[in-house]
Amino acid sequence: MRKNLVIIGIILIIAGIVVFFLASTGIISSTVSNEVVLQEGRSYNISVTSPSVLVYKDNYSIYLNVTGYGVSLSPIGTSNGAVEYQLLITSSPHVVEIVNNYSQPVQVIYVIAPFSSASVYAAAIIIAVILFIAGLAIAIYGAVKK
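So the sequence shown is numbered by our numbering: it starts at 1 and just counts up by one.
Keep in mind the hints are simulated off the structure, nothing from the lab. No experiment lies behind these values; they were computed from the predicted model shown. No incorrect hints appear here.
Derived DEER-like restraints, expressed as beta-carbon distance ranges:
1) Ile-89 x Ile-17: 34 to 42 Å
2) Ile-11 x Ile-76: 37 to 45 Å
3) Gly-81 x Arg-42: 16 to 24 Å
4) Ile-11 x Asn-45: 45 to 53 Å
5) Lys-146 x Ile-17: 25 to 33 Å
6) Ile-76 x Ala-134: 33 to 41 Å
7) Leu-88 x Ile-14: 35 to 43 Å
8) Ala-137 x Asn-34: 37 to 45 Å
Backbone N, C-alpha and C fix where the C-beta goes; we use that ideal spot for every residue, glycine too.
All chains should be modelled from the sequences, with the hints used to inform the complete structure.
The following block contains the structure:
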């Protein structure tokens, strides 16, 4: 057994875990989420500060009227009843309005995730996984090597 390789491997594993934890925490802290109940004909305004992704889901899986003011909205798609939009800022003010255009109250849950932070944290997670796998391989090699 080569102790120095095992120690290096363990250090890389720990570094991978720490980077993964920090990146995961950063992703969670950079997103904005909320749950609102919209009465019939009422609207809810969301302030947008940077290019982002908006995902919303309501309790009836119906399409609500979503309008951007100073924000370009591009539908990305739907998944399990959640509707996704890409938000690009075009002018001031930067507001997205969700309107309940139905005849019943709707419970809406939304999440906004900025592009800039998402890409940085995604890269950090990839680096964390690489560090973890490399550390594991080096530790196993060091433990087996005579």
